Amino acid sequence: MSTQESAELSRFRQQVRDFIEQNADEEILEAGRKTTSFFPPFDQVMKWHRILHGQGWSAIRWPEEYGGTGWDVPRQLIFEEECRRAGVPLLLPQSIAMVGPAIIHYGTEAQKKKHLPGILAGEDFWAQGYSEPNAGSDLASLKCRADRDGDHYVINGSKTWTTYAHHANRMFLLVRTGGGAGKPQQGISFFLIEDLSDPGIDIRPIIGLDGVPEQCDVFFTDVRVPLDCCLGEENDGWSVAKYLLEHERGGGTSFATTFRHELDLIRRLAGRTGDGFGGMLADDPVFQDRYIRLALEVDTLEATEEVFASMEKGSPQSGPMSSMIKVTSMEAIQRITELAIDVAGSPSLALQLAALTVGSGVEPIGDEDALTLMPKYLNNRAASIFGGSNEIQRNIIAKSLLR
Amino acid sequence: MSTLNQETRSMLEDSVNRFVQGEYTFDDRKHNLKEHHGQSPDHWHTFAEMGWLSIPFPEEQGGLGGDITDTLGVMKVFGRGMVTEPYLSVITAARLLSPANYKGEVAELLDGILSGERQVVFASEEPGSRGNPLAVALKAEPDGTGYRLSGEKIAVMHSLTAGHVLVSARSAGGYTDEQGIDLFLLALDAPGVEVTGYPMMDGHQGANITFNGVSVSKTQQLTGAGGAAALILQASSESLLMLASEAVGIMETLVRKTVAYTRTRKQFGVALAEFQVLQHRMADMYIETTSLANLLAQTASRWLEAEAPQQAILASKLKARLGPAARYVGQQAVQLHGGIGMTDELDIGHYFKRLTSIELQLGNAEWHRKRLWREIAA
Ligand SMILES: Cc1cc2nc3c(=O)[nH]c(=O)nc-3n(C[C@H](O)[C@H](O)[C@H](O)COP(=O)(O)OP(=O)(O)OC[C@H]3O[C@@H](n4cnc5c(N)ncnc54)[C@H](O)[C@@H]3O)c2cc1C
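Taken in order, these protein sequences are the chains called Z and S. To convert a position in the first sequence, counted from 1, into my numbering, add 10. To convert a position in the second sequence, counted from 1, into my numbering, add 12.
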């Protein structure tokens, strides 16, 4: 932090720094260094989640009454800055930043009691079952069905691109419960699925273009779930889905802080990479210009994130604003990863899956800082696709402008 | 323009098309990557038999008598098939052996290369040399009647199946000086040569090669002392030319496949191709691709009249233009496919990765723009 900080905030910063230093072990830090996507290595990030929970710090943006920290925005930011500084992995968003807030907002007392503690503690991990093979951008056309049968629903259908479903023990799911009439958004319900080990659920990992399984296909065959798994009203799941998407798109974290960390890495690398003419890349005005442009994009993003953080979610302004954050943040990180591979050059072309695996003990070929750059570039092409593509976000913004 | 007659050229084009369509489907390629690290002895044998390895070599050396521009048709089709065999690497390296040095051991090696029995690759790039083939720090120190080589080469392509390597080394002059660079031919298993091979993210094979005081004799030196810059620039220019043709083959394929996909994939009750923002994106992909193809055709037509320094400039222009075009087309192809474009299962992501790799090899667009500026300013 460059500008002066009040003594109180400085003490807070020191407290966070000390805690991380004393509690993040080498395995967790290695996972942080080897993270190449928005979804860090599962076992280690969950381990870190549980450690944070021990301190009461796993849900920094939740209200205090639900086990959140109750920190104001500056403290949230300081916490995230210190996390990035130390290099611990970013917590997985699906539980804490996505389904958690939806349960807090829409859940019955019983649902809150049942689900929030496991989310906070990092005992449960929830996968997001929205997309289907034929319902991607057009999410409302989803076909996965749930039919009532006595005091149960019976689910049949499939989901796809479900991130980390192969690690998850819980899933939030959009299903069609209503009949055919009306708008496609009607008749959708939002389910909280507690048991993914049901034999009727078949989870198959999909290998990504970076060579790693991250998303999954999920198939449901006659899966019986109790009626009270429905979050919000039956057939009105679309409202819940949209509320959750605002959290997903707006980010449950400070992207700006994370991206700054990436820029630092690139600057360090440029400082020790030759420019092919006998100088160093960091001294090259073309590099400097690109770097500063991106740093400014990140600063601007931070300003928008601050506005969004104090906005009531589910309001007419918050939807388009979350879309704006989605577009600007994801395009910023895409450009940052482009700069990264441009700086690293051909050494970033080596495929080093073993060296990237936490605990493998395999030494990277070439500069260790360069190890993750190509996987990050490749993986982050998804950033303008997931969570609703950037084309869809621009449609949403345009629609709100032209309304 | 081409040296070969029209008949030979269309024969070559037919044969390479038949090969890629018949034996190098996406599944075949996957199998080949798994079984042979993408460098299959059988395929290489086919390359020799079909005459592709002989294209840019003089007839008196057993070649077809063509020139480097005659390989561009092959490279374009290889782009479509994402062929990972060491064609570009071996051809551009072998051309350094011909014709000035066509005698004794070198002649034997070149014969072996044309018949598909042997392979040679060129180790040029070093840490921090970017695209500059004259940025040579690897040392050649006089030692008795020969030299000792020490230093590191990186991103050496396809050395996996090669027996020999050509290596640039500096015996005199400053870091990027033209004078003082030598080119040595040596066996990859020579004492003191340490090869760290790795697969690359595009399926090709790469290696970093360390030279730990490797002894070489004067007979292994391809030119007079310190005078290898011209040959080295030739290899670099010709590699860039061939890479550009491969890139065009890939980009044309991505445009075609993306257009086809958006016509069949439906969301919101209509084909994706109905959305104007996507139409414009595809129009831009087409514009980028066709512009690069046109620039390549023009470059090829001017190539043979150009002297080596002009060829280097033509090659830099091509690569500088290729970078942003390849990046745009590759990224948009993935984007317009949505989630499926991000998978290992579909070919789109693999084309994208190969394009990304081509962008970064032999100097990225930024480096080549700087080189062009230096040319203008000089
Ligand atoms: C890495 C990754 C992680 C994901 N994780 C999850 C997850 O955990 N859970 C989950 O449910 N889903 C997840 N998804 C799915 C994601 O939400 C979808 O991929 C996304 O909504 C796009 O859908 P699609 O892939 O079917 O593409 P399509 O909808 O087929 O879109 C293809 C292209 O057409 C464009 N397009 C579509 N409609 C329009 C329009 N009206 N106007 C202009 N352009 C349009 C799109 O922008 C895109 O470029 C993930 C996806 C990825 C890539």
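Note that these hints are calculated values from the structure, not bench results. Keep in mind that this is a model prediction, so the values were computed, not measured. Fair warning: there could be bad hints in the mix.
Claimed, not checked - Here are the simulated SDA-like pairs of lysine to any residue, each with C-alpha atoms no more than 20 Å apart in a straight line:
#, chain 1, residue 1, chain 2, residue 2
1, S, K151, Z, F287
2, Z, K193, S, K151
3, Z, K409, S, V282
4, S, K278, Z, F287
Said to hold, decoys possible - Facing chain Z, according to a computed beta carbon distance under 8 Å, are these residues of chain S, among others:
#, residue
5, P139
6, A147
7, V207
8, Y210
9, Q279
10, T355
11, E357
Glycine included, every Cβ here is placed at the ideal spot set by N, Cα and C.
Hints, one by one, checked against the model:
no.	hint	result
1	K151/S to F287/Z	17 Å, holds
2	K193/Z to K151/S	73 Å, violated
3	K409/Z to V282/S	19 Å, holds
4	K278/S to F287/Z	51 Å, violated
5	P139	7 Å, holds
6	A147	5 Å, holds
7	V207	12 Å, violated
8	Y210	5 Å, holds
9	Q279	4 Å, holds
10	T355	6 Å, holds
11	E357	7 Å, holds
The structure fails hints 2, 4, 7 (numbered hints given earlier, in ascending order).
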